[in-house]
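Take these sequences, add in the hints, and give me the full structure.
Residue numbers for the sequence shown follow the UniProt record's numbering, beginning at 1 and rising by one.
Calculated directly from the structure, the hints in this document are not laboratory data. Fair warning: there could be bad hints in the mix.
[What the hints assert, rightly or not] Here are the computed lysine-lysine pairs in the BS3-like style, where the Cα-Cα straight-line distance is at most 25 Å: (1) Lys245 x Lys226; (2) Lys154 x Lys79; (3) Lys79 x Lys56; (4) Lys110 x Lys56; (5) Lys110 x Lys143; (6) Lys247 x Lys226; (7) Lys212 x Lys222; (8) Lys154 x Lys226; (9) Lys247 x Lys220; (10) Lys143 x Lys248; (11) Lys109 x Lys56; (12) Lys212 x Lys154; (13) Lys146 x Lys212; (14) Lys154 x Lys222; (15) Lys110 x Lys77; (16) Lys222 x Lys143; (17) Lys247 x Lys146; (18) Lys143 x Lys109; (19) Lys220 x Lys245; (20) Lys247 x Lys143; (21) Lys228 x Lys62; (22) Lys146 x Lys110; (23) Lys220 x Lys248.
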Amino acid sequence: MSFEAPRMVNNQGGQIRIFMPRFGNINERRHQLHEVIRLSGMNLVINDLDMPLIIKVASIPKERMQVYFIDNEDYFKRKATFTDEDGNLFEDNDERAIFFAKGVIETVKKLNWAPDIIHVHGWLASLLPLYLRNYYGNEPLFKTSKIVTSVYGKGFDGNLDEEMQKKVLFDGLEDDTVAHLETPDYVNIMKTAIDNSDAVIQGSAEIPEELKTYLESVEKPKLEFKSKEEFGQAYQDFYTYEVLKEKKED
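Listed below in structure tokens is the structure:
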């Protein structure tokens, strides 16, 4: 859906950008990734450490769409995505999520591109709403941007690093905005994303019961699950009338 949704908008004449981590299992030569020097070269502070941000870009053939890759040698060079060969979560997955959130926002700032809607897919991107609304809360570029988060059933087992909340607080965020992260499991990380979003989409037919209950309690625009075959018009209407609050024509 992180491809299908922007493709639908693109086909409707919208202007889109896709951002994702440059995971080590992505073949740079085959997909013709190349570094964008004017966007790269800054450092992001993660838990008091300077981590270089590298931006790479590639085009999706036949779609006239560009994908921006957030890269860092320490966080994303490894071939595995989230777990080691024994199935254990990488110890720095929390820092990778912080780096990705900050990296996307800093890149959009450098592009000087003000998005109407920022649609978040997947738990690794789930800190972006928190950082955009709090750490970058005064950025004029995002003044009218709306955040939509898709909640999926596929998460991870166990918890991320127990120091995750402390690492986020290091960036000067308020305690109450990161309360869920005291226990950084999949459900609590997604609750944090939901709290800082303007609207929510149920991205999977089945999601954890606790998340389902939490979604029902939230007073903001929500869209129930739509399959890949039927999502197009539903997402378009949701973006237009529920998120951007445009009036329907009679």
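Quick rundown of the hints versus the structure:
1. Lys245 x Lys226: Holds - the C-alpha atoms of Lys226 and Lys245 are around 21 Å apart, at most 25 Å.
2. Lys154 x Lys79: holds, 20 Å
3. Lys79 x Lys56: Measuring from Cα to Cα gives roughly 17 Å; hence the hint holds.
4. Lys110 x Lys56: holds, 14 Å
5. Lys110 x Lys143: holds, 16 Å
6. Lys247 x Lys226: Cα-Cα ~23 Å, so holds.
7. Lys212 x Lys222: Given pair Lys212, Lys222 holds - Cα atoms ~12 Å apart, limit 25 Å.
8. Lys154 x Lys226: Holds, at roughly 16 Å.
9. Lys247 x Lys220: Measuring from Cα to Cα gives roughly 17 Å; hence the hint holds.
10. Lys143 x Lys248: holds, 24 Å
11. Lys109 x Lys56: Status holds; Cα separation ~16 Å.
12. Lys212 x Lys154: holds, 14 Å
13. Lys146 x Lys212: holds, 22 Å
14. Lys154 x Lys222: holds, 19 Å
15. Lys110 x Lys77: holds, 24 Å
16. Lys222 x Lys143: Holds: Lys222 and Lys143 sit about 22 Å apart, inside 25 Å.
17. Lys247 x Lys146: It holds: about 16 Å lies between the C-alpha atoms, which stays within 25 Å.
18. Lys143 x Lys109: holds, 12 Å
19. Lys220 x Lys245: Roughly 12 Å separates the two Cα atoms, so the pair holds.
20. Lys247 x Lys143: holds, 21 Å
21. Lys228 x Lys62: holds, 20 Å
22. Lys146 x Lys110: Distance ~19 Å between Lys146 and Lys110 Cα, so the pair holds.
23. Lys220 x Lys248: holds, 19 Å
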